[in-house]
Structure formats: structure tokens, C-alpha cells
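Asks: Let the sequences and hints guide you as you build the complete structure.
One-letter residues, chain by chain:
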Amino acid sequence: MRQLCKGNVALVKGAILAGCRGYYGYPITPASEIAEAAALYFPQIGGTFLQAESETAAINMVYGAAATGLRVMSGSSGPGLSLMQEGISYLAGAELPCVIVDVMRGGPGLGNIAPEQSDYFAMVKGGGHGNYRNLVLAPSSVQEMADLTILAFELADKYRNPAVILADGFVGQMMEPLDLEYREILQPEKPWAVKGTHETRGNLISSIFLESDGLEEHQRNMEAKYRRAQEAEPRYESCHIEDAEILLVGYGIVARILHSTVEALRKQGVKAGLFRPITLWPYPSKALVEAAANVEKVLVVELSNGQMVEDVRLALDGTVPVEFYGRGGGNVPSVKELQEQVLSQMAVRV
Amino acid sequence: MESKSGISTIAATTVTETQSDARLPANPPNNGEAYEILHSKSTLFYDEYSRKAEGKKQTHYCPGCGHGLVHKLIAEALQDLGEQDNTIFVSPVGCSVFAYYYFDVGNVQVAHGRAPASASAIKRSCPGRMVISYQGDGDLAAIGTAEIVHAANRGEKITVFFVNNGIYGMTGGQMAPTTMIGEKSTTSPWGRRPSNEGYPLHMAELLATLEAPIYIERVALSDGKNIMKARRAIRKALEVQRDGAGFSFVEILSPCPTIWGKDPVAARQWIADKIIPAFPLSVFRDHAPEALAVKEVEPPQRSVAEVLGIATSNDGDTTHRAEFDHRFEDVKIKIAGLGGQGVLLLGQLLIEMGMREGLEVNWLPSYGPEMRSGSAHCHVCLSREPIGSPLVSHPDVLVAMNEVSLRKFAHEVVRGGVILYNGAKLPENISIAHAQVVAIPASEIADKLGSTKVANIVMMGALLEETECLAAGTAWSVLQDKVKKLDLLELDRKALNAGRLFIDEHAHIGALDQPDGFA
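Chains as they are written, first to last, in our numbering: chain A, 1 to 350; chain B, 1 to 519.
FYI, nobody ran anything at the bench for these hints, they're computed from the structure. A virtual CB, placed ideally from N, CA and C, is assigned to each residue, including glycine. Treat the hints loosely; a few may be bogus.
[Unchecked claim] Across the chosen pairs, the derived CB separations fall in these ranges:
id, chain 1, residue 1, chain 2, residue 2, range
1, B, A278, A, Q51, 34 to 40 Å
2, A, E199, B, S282, 37 to 43 Å
3, B, L210, A, G109, 30 to 36 Å
4, B, T209, A, N221, 26 to 32 Å
5, A, N221, B, L210, 40 to 46 Å
Replies: Take a look at the structure:
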């Protein structure tokens with residue numbers, strides 16, 4: 001059944017379908033519709049919505065609710081995510097599953113509210129303290145705002161780890177048709193949860209390991225699960241890579257623009273291909289290496305000054321020249337602009 | 001009272017204790033025989049503190065520390081209330097970070113200062129359970145000030161035990177928000193100076209200014225009498241929660257002999273002599289819950305399918321609908337004007353129509369402060385194929401609801417595109433050679449119909465008639481579904497028709513090459 005929906009609202013609908021019944025958040029543009037939709041929907045279906053006094057409080061509420069085994073989430077944008085980083089580190093350290101949404105806007109500091117992709121480092125590489133990873137998914141359509149949120153809850157539970165939806169102002173704000181199907185919610189047992197019952201009485205949720213060996217063992221166990229995720233979870237999308245001479249790489253809204261760019265270039269006779277990571281962590285490095293095996297050049301496009309490009313370079317490890325084109329401050333490149341970029345890159349053949 | 005483990009101690013403090021066990025007769029018979037004081041241990045404590053280390057029966061607290069005694073009072077109260085299986089204990093950062101070594105209940109250890117936030121969500125996730133937030137003064141009154149104030153203000157049905165010893169213990173004796181004026185610490189080496197560090201925070205008094213809390217009391221561990229008062233306060237606070245009444249808070253003035261540099265007896269005397277005068281003991285709040293009753297609107301309870309709009313969605317067809325003759329691959333439209341002119345709504349109506357006609361659609365707004373400071377615009381894509389870039393950098397059609405928008409966006413329109421301008425004629429000093437411009441006095445037309453608010457619908461009529469990108473019939477059915485007020489719907493119908501009629505009557509305006517499929 002198709003319905004028109006804003007990306008931010010679709011995300012909340014996906015969360016509800018995934019069985020999420022707790023939302024704790026604080027308003028911020030361009031993510032406020034997430035809190036507004038949760039405020040409207042959750043209390044009607046036996047869930048909890050609470051507007052916290054800050055993002056700091058919100059993420060620690062998520063920590064508390066997650067400790068009870070509930071599927072729970074929060075959403076914000078850059079400045080709010082900066083405040084949440086402490087809590088995300090605790091969630092990862094205590095191995096609590098939850099979903100956190102970052103509808104990226106311009107930064108640093110107050111920046112502006114226009115779309116950017118400049119929180120890649122903060123959400124993909126960490127941001128909080130200590131040895132941990134976030135599972136990071138990057139939707140590029142309204143439909144994916146719902147679908148990847150459902151997946152994010154499943155992955156979070158599977159790996160007992162925070163999962164992040166890394167969206168941008170455009171994907172959050174735009175409206176598209178959304179196809180939702182009601183489905184049975186399959187949630188894993190959580191014998192570790194603290195529920196205030198006889199059965200869970202001995203359970204402890206904590207991230208403190210005072211002995212060096214104990215903490216190191218904990219870190220190694222976490223690392224082992226991260227390696228399992230790296231094997232099993234990378235997701236991506238590609239098109240026109242079979243005969244591509246130049247491979248365009250981008251995620252989120254940029255991948256949409258790159259898709260149009262590749263189609264336009266193909267009409268001009270330029271053999272361009274597209275590689276779009278859907279999981280930013282674990283990064284689909286193997287698939288990228290295969291996609292780039294026969295290209296002359298890779299062009300990474302981001303709404304940042306170059307963040308994901310580092311993962312592309314790490315994956316390709318010098319085998320192919322990797323160029324970068326970025327826009328910032330809320331400026332989003334047009335298809336024409338990117339066509340020109342590709343043509344100028346192709347003119348400088350290696 | 002039974003004890004699983006017989007004679008044992010739960011904290012070094014209780015070893016020196018001779019007067020405070022309430023389970024002993026108030027006036028023990030003294031017939032000259034020596035009697036033994038039994039320190040029974042609450043069954044709420046683990047037999048052995050194996051989380052601390054194998055076989056450990058001692059706590060990690062220093063001799064004379066107040067935490068052991070507060071733990072004991074809480075454990076005994078929970079045991080007496082029969083809540084052991086029903087309790088979630090939230091331990092803070094500070095000396096009591098390891099409270100979970102001792103309490104045989106559900107345990108959640110949280111970040112510094114955030115216990116009231118986490119406890120709030122735990123309680124809301126498990127409404128029938130006893131949720132205890134246990135915090136020290138740095139945790140509660142410094143880094144976690146916002147969390148405690150807001151949890152109290154929301155009237156969270158939790159119990160907060162605030163152990164106030166006026167110093168940071170675990171980190172080695174730094175100044176706390178409750179350190180008294182003139183008191184030295186490692187970070188107030190000349191004593192706390194109000195000119196530099198301000199005054200000690202009185203949390204019980206501060207929280208008692210709020211509406212929601214049910215029970216707030218400050219007690220002290222200075223002597224037997226006060227310890228008995230603390231025991232009663234702790235019980236009462238837990239009973240308030242058990243009864244679902246609301247937020248309860250007990251501040252406990254507690255000794256820290258190690259950091260204070262005093263022996264346990266002197267430390268207690270210090271509380272009596274110096275701290276209690278600065279932090280008066282009192283019941284600051286003892287409300288009956290009914291006193292807070294406010295009439296509230298209860299959210300309706302609906303099914304997930306209803307809430308998600310799955311049950312009521314109007315179009316299950318995701319393929320291109322053959323009955324609509326879309327003579328284009330895609331149409332990109334930009335709509336711009338002033339906030340309040342219905343610019344964003346017009347875009348949303350168009351994509352609703354597009355979706356009903358089986359097209360792929362996308363609507364992308366300008367958002368945020370721009371919307372609130374006058375100008376607004378949105379991008380609309382209608383396409384027979386999945387839409388790539390939703391960004392309309394070069395529109396086929398521009399709907400300019402005011403002059404500023406026309407001047408700002410006219411140059412972006414593709415060659416041969418269409419510009420619909422809300423005005424009787426083009427403004428002075430603007431020449432647009434690359435596109436067909438139609439000036440429609442939409443606001444005037446709308447005003448004559450009854451409201452300038454429907455100028456956007458006049459423009460919609462003109463857009464449909466001029467470009468034929470979507471059917472007027474679809475527009476009407478969308479309006480019928482979306483506009484609930486009948487008088488407004490009638491106004492919209494007139495506006496839609498007026499826009500179409502205007503184009504029919506003025507369809508002679510010179511066009512350049514028309515984009516595919518356009519009239």
C-alpha cells in the first residue's frame with residue numbers, strides 16, 4: 001500500500017513496524033519530524049515517547065530502556081549527536097542494542113540546517129571514547145528510511161550494539177511514496193536484560209571492567225563480534241559497473257544524484273558506473289574492490305570536505321587513483337555539475 | 001528477621017555500630033549478663049560479594065563510610081516490602097559505582113550524572129517495578145543537575161537516594177557542589193570561596209520548589225536517632241514508589257572519614273556539628289498524590305496498522321497507470337513564493353496526484369528558518385521511471401508566486417520551459433527569453449473568489465491546463481480527500497477552475513519550443 005510520506009516520518013513508521021516502543025529525544029532541525037511523529041504515534045500503540053531535557057539525557061534514557069530489553073531509539077542531528085556521543089560509548093560498552101538516527105546538517109558548531117554529510121567521521125569512526133564501533137546504515141530514499149530502520153533494529157539486536165541511521169537533511173525532509181506491509185515482529189530473546197523480575201534478578205548491565213585483563217577480554221569479545229559483522233553485513237548497491245571506466249562512489253542523497261549523473265553520462269557515451277555503500281560500517285570494501293577492478297579512476301562525491309573517501313582509499317589501497325569532489329554548507333551538486341566533474345576527470349587520463 | 005548467612009557484617013561501619021539495629025529491643029534487658037549483638041544481613045544482599053572477588057564478604061567502602069549503612073537501610077526496607085524480585089537498582093559513577101556488588105536485584109550501572117534519566121526510561125519500560133537511582137553529590141548535584149531536576153519535575157515514579165558527603169570521594173577529594181563554604185579540598189585549596197566557586201547547592205530545597213515530587217526529605221547519619229530517621233525516610237520513599245504515587249527523594253548527609261581526614265566517630269560528630277546546621281534536616285515535601293491530579297487528555301489507543309496508515313492507504317498500484325496519458329518521461333517543477341502562500345502545500349498536492357496516477361514522485365522542500373523568514377520553495381519531480389536526483393536544479397516548470405521568486409529562479413528554467421508567474425503582468429526590468437512566461441493574477445483571482453489563500457490552487461489549475469502533466473480530475477479527487485471543510489473545498493473548486501479558465505482564455509502567449517508532451 002503506497003502512501004506519501006516524509007523521510008523522517010517513514011523512519012518512525014519503520015521503527016514501529018520493527019517493534020520499537022520507546023522513543024526518547026530532543027527537537028532539532030532537520031530531524032524534528034522524527035520526534036513529532038514518535039510523539040504522535042507511540043502513545044497510541046502502548047509505547048513511550050518522552051521529550052528529554054537534552055540529547056545527553058535522551059541517550060541515557062535510551063540506555064535505560066535498552067537495558068530492560070525493549071527496542072528503543074532516539075533521533076537528532078549533528079549538534080545533538082555530539083552530545084550523545086558519551087552515551088553511545090556507554091551503550092556500546094554495555095552491549096546494549098538501540099537505534100540512533102543522525103539526520104545530518106551543516107557543521108561544525110551550529111553550522112546551518114541544510115543537508116551535509118559531515119558527520120561520517122563522528123558516526124562511522126566513533127566519536128565517543130574507547131574501542132567500539134557503530135553499525136551504520138545510510139538510506140537514500142523515503143522507502144529506505146523505513147526499511148533500513150527495520151534492518152537497523154535487527155542488526156542492533158543481533159550484535160548487541162548501537163545501530164545508526166545516517167541520513168541527511170534531504171532524505172529526512174523529502175516526501176515520496178512509501179510502501180509498508182504489516183508484519184509479525186520477530187524479536188530475539190534477551191536473557192541478559194534487566195526487567196525487575198525473579199528470572200532477571202542476577203543480571204547486570206554495565207560497561208565497567210576494573211581489572212586490565214577483564215577489560216581487554218571484553219574488548220576482544222567486542223572485536224570478535226565486529227569481525228563477524230564485517231563478514232556478514234556489508235551491503236551496497238551498484239549499477240553500470242560491468243564496463244565502467246570511471247566509478248562514482250557516494251552514499252545517501254548523493255547516490256541519488258550520482259545515479260542520475262551516470263545515466264546522463266551514459267547517454268553521452270561516457271562509461272560511468274555507480275557504487276553506493278548502504279552500510280557505512282561495516283564498509284563494503286570487498287565489493288568496492290571488485291567494482292573498481294577494471295576502472296581507470298574512482299571519483300568519490302560527498303557533501304563534506306572528504307570523509308568517506310578515506311574508507312574508499314583504504315579499501316582500494318592505491319590500486320586505482322581515487323579523486324574527490326565535495327560540496328558543503330548545504331550546497332548540493334547538480335547532475336550537470338557532476339557530469340562536468342566526471343568529464344574533466346576523464347580528460348586527465350592516467 | 002531471618003538471615004541467610006548468620007552473623008556477618010555488610011560494611012565496616014556496622015562493626016563499630018553499637019546502638020542502631022532497630023531489630024534489637026529498644027531497652028535490652030540488662031540483668032548483668034553479657035549479651036551478643038547480632039548483625040544480621042538482609043537477604044537482599046548477596047551472601048558473598050563474588051562480583052568483587054571470590055569469597056569476599058567485606059565491602060569496598062572505607063571504614064566509617066556512610067554508603068555501607070545506606071545500603072543496609074535500603075536493603076532492609078526492600079526486603080521488608082517484599083520487593084527483591086521486583087527491583088532495578090541504578091548505580092552511579094562515584095564510590096557507589098559498585099553498588100551492584102552487593103544488591104541481589106536487577107542492576108544497571110550508568111554514566112556519571114545520568115542515573116535519573118536512565119531510571120526514568122527503565123521505569124517507563126517496566127512500570128510495575130521498583131526503580132532506584134542511587135547517587136552521590138558530584139553525580140547528582142554537579143554533572144547530573146539537569147537530569148535530577150527534570151526527572152523530579154516530570155514526577156517520575158522512581159526513588160532517588162542522594163548520598164551527600166560534600167566531597168568527591170572516588171577521585172580523591174575534589175570539591176563537590178555541596179562542599180561547605182570555607183572547606184578545603186584538593187580543588188579548593190584555600191577553602192571554598194563563594195566569589196570563585198559559588199555556594200553549596202541545597203538539592204532537597206531546590207527540588208521542593210517543583211510541583212511534581214511527592215516526597216522529599218533530608219536526613220543525616222550523624223547519630224543513632226538520626227539514623228533511625230534515615231531508616232524511616234528510606235522506607236517511606238520506597239513505599240511512595242510502591243504505591244505508584246510519584247517521585248520520592250531522600251538526601252542523606254553521610255560521612256566520608258577518609259577524605260575528611262577524620263576517624264569514623266569524629267566524622268559523624270562533624271555531620272552533627274557542622275553539616276546539619278548548613279543543611280537543615282527536614283521533610284520538605286510530603287504530598288498526597290491526589291493533590292497533583294490534573295485533568296489530562298488520554299491518547300486514543302489504536303492498532304499499529306491504523307497508526308501507520310496501512311489500513312487506509314488509497315493506492316496499492318505501484319506501476320504506471322495506463323489510463324493516464326503521460327506524454328513525458330519526467331517533469332521537474334519548482335514552486336517558490338512567500339511563506340503562507342501555500343507553496344509547499346501546492347507541491348504536496350501535485351505529488352499526491354502524481355502518485356495516484358501511478359507516477360514516481362518526489363517532493364523536496366526548503367526547510368527551517370528560511371520557511372519562517374518569508375520565502376519558501378519546493379522541488380517536485382514527476383516521472384515514469386524511478387527518480388534519481390530529487391533536486392530540481394533546472395526545472396521544466398517554475399511556479400513563481402511572487403516577484404522575488406521570479407527573479408531568483410527564472411534563469412534556472414530549462415530552455416523551452418514554462419514559467420507561471422503570479423501577477424497581472426511581468427515586472428519591469430526583467431526579460432525572459434528562454435522560456436514561456438504566463439502571468440496569472442492568481443492572488444487577485446483568489447481574492448475575488450473569497451480568499452487570497454487559494455491563490456496556490458488557482459496556480460495549480462493554470463499549471464495543469466498549461467502543461468497537462470496531470471489530470472484535472474485527479475486534482476479534484478485529491479482536494480476532495482484532503483480538504484475537510486466543505487466551504488473551503490468549494491472555494492478550492494472555484495479556484496482550480498478559475499486557473500484553468502484563465503489559461504484557456506489567454507493561451508496565445510508566445511511560446512518557444514515546447515518541452516515534450518506540453519500543450
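Asks: Taking the CB of A:E199 and the CB of B:S282, does the distance hold inside 37 to 43 Å?
Replies: Given range 37 to 43 Å: holds, Cβ gap about 41 Å.
Asks: Is the hinted range of 40 to 46 Å satisfied by the C-beta distance from A:N221 to B:L210?
Replies: Given a distance of about 43 Å, which is inside 40 to 46 Å, the answer is holds.
Asks: Within 26 to 32 Å or not, the Cβ separation of B:T209 and A:N221?
Replies: violated (47 Å)
Asks: Within 30 to 36 Å or not, the Cβ separation of B:L210 and A:G109?
Replies: holds (33 Å)
Asks: Determine whether the Cβ-Cβ distance between B:A278 and A:Q51 falls within the hinted range of 34 to 40 Å.
Replies: holds (36 Å)
Hint compliance for this structure: hint 4 alone is broken.
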